[in-house]
Amino acid sequence: MNRWSRRRFLRTGLGATAGALAGSGALGCRSSAGGARVVRISNWPLYIDDRTVPDFQRATGITVQYHEDINDNNEFFAKIAAPLERGQSIDRDVIVLTDWVAGRVIRLGYATPLDPGGFPNRANLITLAQDADFDPGRRYSVPWLFGMVGLGYNPRVTGREITSVSDLFDPAFKGRVTMVTEMRDTLGLVMLGEGRDPARCTADDIRVAADRVKRARESGQIRAFTGNDYTEDLANGNIAVAIAWSGDIQGLHADNPDLVWVAPREGAILFSDNMLIPKSSDRVALAMAWIDWCYAPAHSAQIVSRAGYISAVQGAIPELERIAPALARSPLVNPPASVLAGLRNFRTLSDAEDASFSRIFLDAIGG
Amino acid sequence: MRRTALAPALLVLPGVAWLAAFFVLPLLTLARTSFGAPWWDGYARAVTGYGTVFARSFGFAALATLAALVLAYPLAYVLAFRAGRWRALLLGLVILPFFTTFLVRTFAWKTILNDGGLVVHLLQAVRLVPADGRLLDTAWAVVGGLTYNFLPFMILPIYASLEKIDRRLVEAAQDLFSSPARAFRLVVLPLSVPGVLAGSLLTFIPAAGDFVNAELLGGPNQRMIGSVIQAQFLQGRDYPLAAALSFGLMALIAVGVLAAARLLREEQLA
Amino acid sequence: MRRLLDAAAGLVLAYLFLPILVIVAYSFNSPAGKFNFVWKGFSLDAWRDPFRYPALVDAMRLSIVVASVSTLVATVLGTMLALALSRYRFRGAGGVGLLLVLPLATPEVVLGSSLLSLFLASHVPTGFATIVIAHVMFSVSYVAFTVRARLRGFDWSLEEAAMDLGAGPWRVFRTITLPLITPGVVAAAMLAFALSLDDFVITLFNSGNDVTYPLYVYGARRAAFPPQINVLATAILATSLAVLGVNAWWQRRRMHAA
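In order, the protein sequence lines correspond to chains A, B and C.
Quick note, in my numbering, the first sequence goes up one by one and the last residue is 367.
Quick note, in my numbering, the second sequence goes up one by one and the last residue is 270.
Quick note, in my numbering, the third sequence goes up one by one and the last residue is 258.
It should be emphasised that the hints constitute simulated quantities derived from the structure, not laboratory data.
It is possible that part of the hints are untrue.
Said to hold, decoys possible - Which chain C residues face chain A? A few, computed with CB under 10 Å, are given here:
{"#": "1", "residue": "Phe37"}
{"#": "2", "residue": "Leu102"}
{"#": "3", "residue": "Thr126"}
{"#": "4", "residue": "Gly208"}
{"#": "5", "residue": "Tyr216"}
{"#": "6", "residue": "Ala223"}
{"#": "7", "residue": "Trp249"}
{"#": "8", "residue": "Arg252"}
{"#": "9", "residue": "His256"}
Quick caveat: nothing in here was measured; it's all calculated off a predicted structure.
All C-beta atoms in this analysis are idealised placements derived from N, C-alpha and C, irrespective of residue type, glycine included.
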């Protein structure tokens with residue numbers, strides 16, 4: 001083959017190859033290539049039942065990649081902040097974050113507004129959730145579930161009823177008390193015990209609460225600061241009283257019917273875990289389909305039947321009556337008015353306050 | 001001969017480049033990160049806020065190193081002098097636990113030392129642990145975990161240095177000193193010192209910076225400096241403080257090691 | 001006295017194995033709650049359904065892939081370093097040796113955090129690539145030292161003899177050097193693989209969103225610790241045992257054949 005025709009052969013060969021590659025979409029965006037519609041969700045562990053994902057996939061034809069990789073708000077935020085800041089993808093279309101972190105994500109511009117057009121079930125949002133001070137007008141988020149922070153205890157170990165935040169500091173329970181590593185939950189509850197209001201807390205309130213916790217830690221009153229792992233020790237009787245999340249205790253009831261969750265008489269903390277769409281997501285329509293699905297009363301009831309927390313969807317309780325009547329009557333999932341009246345939100349903090357209060361808390365818990 | 005000079009350079013270059021880029025350069029970057037606003041801010045906070053945690057970390061590491069030494073020496077001795085044809089097998093057994101993940105091994109200790117478990121009950125029966133006491137979430141559990149996890153690092157170097165000792169030397173010593181204990185103390189023990197030193201360093205240094213044992217087996221009053229560094233980097237994102245703490249850890253380790261080396265050398269000369 | 005010594009050694013060995021036995025035993029537990037720390041009853045459930053938790057399986061897969069890639073790179077780099085240090089005398093050999101020892105003397109927290117600060121400062125996103133980079137970094141020293149130990153006493157004149165006979169340097173390497181250093185290289189590779197599979201601290205700092213098997217286990221401490229974790233750990237142990245056994249048997253065959 002002479003030089004000229006060899007060059008032409010190469011050129012046409014390369015051209016054909018390039019054309020084939022471009023046509024097959026191998027070099028192009030994977031998401032727009034015809035075929036799988038996949039929505040990628042990050043959530044907390046054990047926050048969903050077994051049927052919701054398969055039902056959703058069957059009904060909509062959208063594949064769900066469900067990741068239970070959120071174990072700690074700060075850890076997860078730290079993971080996603082840098083890529084989102086740089087405009088890089090975090091491979092997620094829906095993330096479920098606790099109210100204050102959701103607020104931070106929204107404030108930093110890392111979230112995409114929810115598309116009202118793809119969200120007909122938004123009308124089902126309960127009044128309590130219609131607005132939020134960390135997301136005015138609920139433009140970026142809707143609750144996945146609400147929860148309450150109170151006291152969990154094992155009556156066989158305590159020997160008595162637990163009714164007040166001060167029971168956490170009862171010397172009779174020395175070394176058998178746990179608190180959680182979430183600053184707002186622990187300090188919020190302790191603050192309520194001091195007669196201060198977390199919804200309007202000042203730096204002084206934080207310091208008083210943190211001091212109380214620090215002294216209890218140093219004296220050996222508090223055995224550990226935990227995530228969800230206090231449930232094991234509570235069930236085994238290694239722990240007498242714990243700052244506990246209502247859904248955890250609800251979830252333990254099947255095996256440990258004697259465990260009790262109580263809202264202290266001084267009040268309890270209300271929190272919400274919220275669905276957000278990260279700004280790097282290129283599948284807003286799919287994310288909205290998922291969010292809308294979860295806001296049908298029957299589907300919300302389905303989720304609650306396993307998670308044991310409080311639904312934000314109107315009409316979920318009657319649906320829950322049909323599939324899990326005992327749960328529908330549980331005060332943890334369907335709190336009575338007396339408990340609702342005593343619930344307090346922890347107020348939204350500025351970045352500077354958040355950093356400073358977190359530091360005070362970290363120092364109080366040991367490090 | 002030019003080719004001979006080129007060959008080692010080519011062989012060495014990729015590895016050295018990798019380490020230069022991903023070990024040396026990061027340390028320099030860490031140093032730069034440690035300078036906040038003002039430059040000494042991170043260090044000031046590190047020194048003032050975390051003295052207790054540093055002291056505790058080094059205390060735990062020292063205890064664990066001592067415990068590991070006591071446990072490792074008999075096993076290393078038997079391996080080197082008395083194992084015979086079982087040596088390869090026994091060595092394999094010493095290394096085998098390494099093949100279960102470090103984290104899972106430490107979780108196993110959580111099971112073993114559990115409040116309602118056999119170990120706690122036994123210790124309560126002999127009054128070593130009070131009736132309502134526990135092992136988990138105490139300093140004992142943390143030191144125990146550290147000792148366990150770094151034990152092979154102590155066994156292998158001691159074994160290596162014992163194994164190198166010429167048998168005839170030992171036999172001669174036993175003839176000379178008539179008592180095997182004296183032969184051990186005056187000949188074998190001093191010759192094993194390099195191994196003991198190496199093992200102690202390989203145990204102490206990682207133990208001082210460890211945080212997994214403290215986090216899984218200890219309570220809030222057993223928090224170690226590694227935990228703080230990790231939390232400040234990954235959650236608190238207070239980089240100047242975190243970096244200053246890291247350098248503080250390295251500096252203190254270096255000082256400790258040099259001091260120990262100086263002490264030992266003085267003892268040997270005396 | 002002798003008996004006492006043997007007994008002491010035996011006790012220490014038993015101590016080394018206690019957690020291993022617990023890990024294997026508890027893979028047969030049917031735990032009461034979400035955590036697997038209290039024995040409830042014997043059950044094969046976890047073994048019958050070892051891949052029940054997709055996140056755990058994904059983490060295991062990632063760990064194996066990372067270990068394979070990093071072992072490959074680290075073995076090549078480390079072996080080259082070992083060859084250079086054993087075979088040749090050159091200026092800077094001491095410096096290279098020091099550079100190899102320093103990572104071993106640095107606490108893992110510092111290794112991990114410094115690498116992260118480099119990636120942060122250069123705006124490199126953390127993920128698979130950064131995990132592999134980190135694993136190669138700490139493995140290279142182990143590989144180099146392991147191969148170098150095996151090369152002690154190596155008779156380099158064999159190479160020269162072959163070259164005198166007319167073989168080119170590549171052929172010499174392939175037919176003389178390589179077969180002789182292979183056992184050492186294999187041992188070093190197995191060590192690097194084990195280190196990579198096991199690594200937690202350095203990976204924690206540099207993994208971004210990706211979750212390796214140790215990272216999964218760490219996350220599980222807060223949320224739920226299914227017995228499937230023990231099942232996979234036992235599987236790794238059994239596989240390693242098998243590999244070690246095969247390697248030992250193969251070595252003995254070679255020695256008998258030689």
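Status of each hint after checking the structure:
no.	hint	result
1	Phe37	holds (6 Å)
2	Leu102	violated (28 Å)
3	Thr126	holds (8 Å)
4	Gly208	holds (6 Å)
5	Tyr216	holds (9 Å)
6	Ala223	holds (4 Å)
7	Trp249	violated (42 Å)
8	Arg252	violated (46 Å)
9	His256	violated (52 Å)
When the structure is compared with the earlier hints, violations turn up for hints 2, 7, 8 and 9 and for no others.
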